[in-house]
Amino acid sequence: MTINHHPSDETLMRMAAGALGAGPALVVSVHLEGCAVCRNRMAHFEAIGGVMLDEMPPAPLAADLFGRTMERLEVIQQLQTKERSMNKHPELGIELPRAMQDCEVGPWKWLGPGFKWSKVKIPGSPDEKVMLLKGRAGLHLPAHGHTGLEFMQILSGSLADERGRYFPGDLDEAGDDVDHRPVVGQESDCVCLAALEGDTRLHGLLGRLLRPIVGF
Amino acid sequence: MIAVWRKASYFDPGKAGASTWVFTIARNQRIDRLRRTRSRTADHLLDPTDEPDMPPSGEDIAIVAQREEGVRKALESLPIDQSTIVRLSFFAEKPHAEIARELGIPLGTVKSRVRLALNRLRTLLDSDI
Ligand SMILES: [Zn+2]
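The listed protein sequences derive, respectively, from chains B and F. Last residue of the first sequence: 216 in our numbering, with the numbers rising by one and none dropped. Last residue of the second sequence: 129 in our numbering, with the numbers rising by one and none dropped.
Hints were generated in silico from the structure; no laboratory data involved. Hints may contain errors.
Subject to a maximum C-alpha distance of 16 Å in a straight line, what follows is the list of computed EDC-like cross-link-like pairs (lysine to aspartate or glutamate) [what the hints assert, rightly or not]: (1) F:K73 - F:D32; (2) B:K116 - B:E55; (3) B:K121 - B:E104; (4) B:K121 - B:D102; (5) B:K116 - B:E91; (6) F:K111 - F:E69; (7) B:K119 - B:E104; (8) F:K111 - F:D126; (9) F:K111 - B:E91; (10) F:K94 - B:E10; (11) B:K109 - B:E91; (12) F:K73 - B:E104; (13) B:K119 - B:E91; (14) F:K73 - B:D199; (15) F:K111 - B:D9.
Simulated restraints, written as ranges between beta carbons of each label pair [unchecked claim]: (16) B:Q101 - F:E98: 13 to 23 Å; (17) B:V178 - F:T109: 35 to 45 Å; (18) F:S77 - B:H140: 28 to 38 Å; (19) B:D54 - F:P56: 16 to 26 Å; (20) F:D126 - B:D177: 18 to 28 Å; (21) F:D126 - B:L53: 15 to 25 Å; (22) F:D60 - B:E95: 22 to 32 Å; (23) F:P95 - B:S188: 15 to 25 Å; (24) F:Q29 - B:Q101: 40 to 50 Å; (25) B:H203 - F:E76: 20 to 30 Å.
Where a beta carbon is used, it is the ideal one built from N, C-alpha and C, also for glycine.
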């Protein structure tokens, strides 16, 4: 599988720095799962963090740090034995990426003719704007723009807009300079994972359609 | 600190150098704190310690050392105004607008320095892959 659309360097840098919100970070994680090129770039950005950390002046440590560390280690080990997750995914008809295994994913809900969505909740980050979208083959999505960044990872099928065509594994990052009208490929339904960053809102018809139903 | 101890047995020199490994753990801890509960989505793929244990080959270790050396050289070759901005974006978790205010330069300048720095890093680092 050749991947033609990747997250920007700036997005990968923010991801490596831990500065990307949970929603966009989830979409990028799904992309990294299938993209060796970006995993390699990510390793470089993490190495940049390591090198810069190396060059920072050392901070003095408290004298009793060792004892306190050992105490906390025991507590953590006790807590960890209790932790277990259960299946939170209804019958969606698709296999979810590994990166989504701890998310709570809702059932498909109607959004328009041939157009469905499902709410994705990230544990600990309830306010993130993340969802799965499913469009039937050939569906024309309403034209829309964004006030900030929109991240979209194709899970199955394909999507095309004025800028190119997106296949499974591709990640499209669309900023406030992009107004587009995506069309689902004719060959099959398309499922994608989408996240809006921060207080990004959609404008145009799609925004008006989504807001009352999806809540953003 | 505590996470480093807890994960020390997972340290894999075939995946990342020691300081990069400490950096990723510190970062994941910060993400966990921000998100209040432990979220594996952040940890999962980013954390080089999460993979099944396989002894690293000499080749893996050499690749990691080469990567870190390349990164160090690339950072050194950046003009100071660009590396400052990369550093601030990395460690101060500051949005561009705040960096601009702090350095007393226009927002557009911050953005273009980030872009220049990233382009330069990409050119330097992609060539040694
Ligand atoms: Zn990629």
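Checked hints:
1. F:K73 - F:D32: Between K73 (chain F) and D32 (chain F) the Cα gap is close to 32 Å, so the pair fails against 16 Å, i.e. violated.
2. B:K116 - B:E55: Between K116 (chain B) and E55 (chain B) the Cα gap is close to 50 Å, so the pair fails against 16 Å, i.e. violated.
3. B:K121 - B:E104: holds, 5 Å
4. B:K121 - B:D102: With Cα atoms ~9 Å apart, K121 (chain B) and D102 (chain B) stay inside 16 Å; holds.
5. B:K116 - B:E91: Distance ~14 Å between K116 (chain B) and E91 (chain B) Cα, so the pair holds.
6. F:K111 - F:E69: With a Cα-Cα distance of about 27 Å, the restraint between K111 (chain F) and E69 (chain F) is violated, given a limit of 16 Å.
7. B:K119 - B:E104: holds, 8 Å
8. F:K111 - F:D126: violated, 22 Å
9. F:K111 - B:E91: Roughly 44 Å between the alpha carbons, so the hint for K111 (chain F) and E91 (chain B) is violated.
10. F:K94 - B:E10: holds, 14 Å
11. B:K109 - B:E91: holds, 12 Å
12. F:K73 - B:E104: Roughly 43 Å between the alpha carbons, so the hint for K73 (chain F) and E104 (chain B) is violated.
13. B:K119 - B:E91: Measuring from Cα to Cα gives roughly 13 Å; hence the hint holds.
14. F:K73 - B:D199: It is violated: about 38 Å lies between the C-alpha atoms, which goes past 16 Å.
15. F:K111 - B:D9: holds, 13 Å
16. B:Q101 - F:E98: 13 to 23 Å: Since Q101 (chain B) and E98 (chain F) have Cβ atoms about 35 Å apart, the given range 13 to 23 Å is violated.
17. B:V178 - F:T109: 35 to 45 Å: The hint (35 to 45 Å, Cβ to Cβ) is violated, given that V178 (chain B) and T109 (chain F) are roughly 24 Å apart.
18. F:S77 - B:H140: 28 to 38 Å: violated, 48 Å
19. B:D54 - F:P56: 16 to 26 Å: holds, 21 Å
20. F:D126 - B:D177: 18 to 28 Å: holds, 25 Å
21. F:D126 - B:L53: 15 to 25 Å: Since D126 (chain F) and L53 (chain B) have Cβ atoms about 23 Å apart, the given range 15 to 25 Å holds.
22. F:D60 - B:E95: 22 to 32 Å: At 30 Å between Cβs, range holds.
23. F:P95 - B:S188: 15 to 25 Å: violated, 40 Å
24. F:Q29 - B:Q101: 40 to 50 Å: violated, 21 Å
25. B:H203 - F:E76: 20 to 30 Å: violated, 44 Å
In the structure shown, a violation is registered for the earlier hints numbered 1, 2, 6, 8, 9, 12, 14, 16, 17, 18, 23, 24 and 25, in ascending order.
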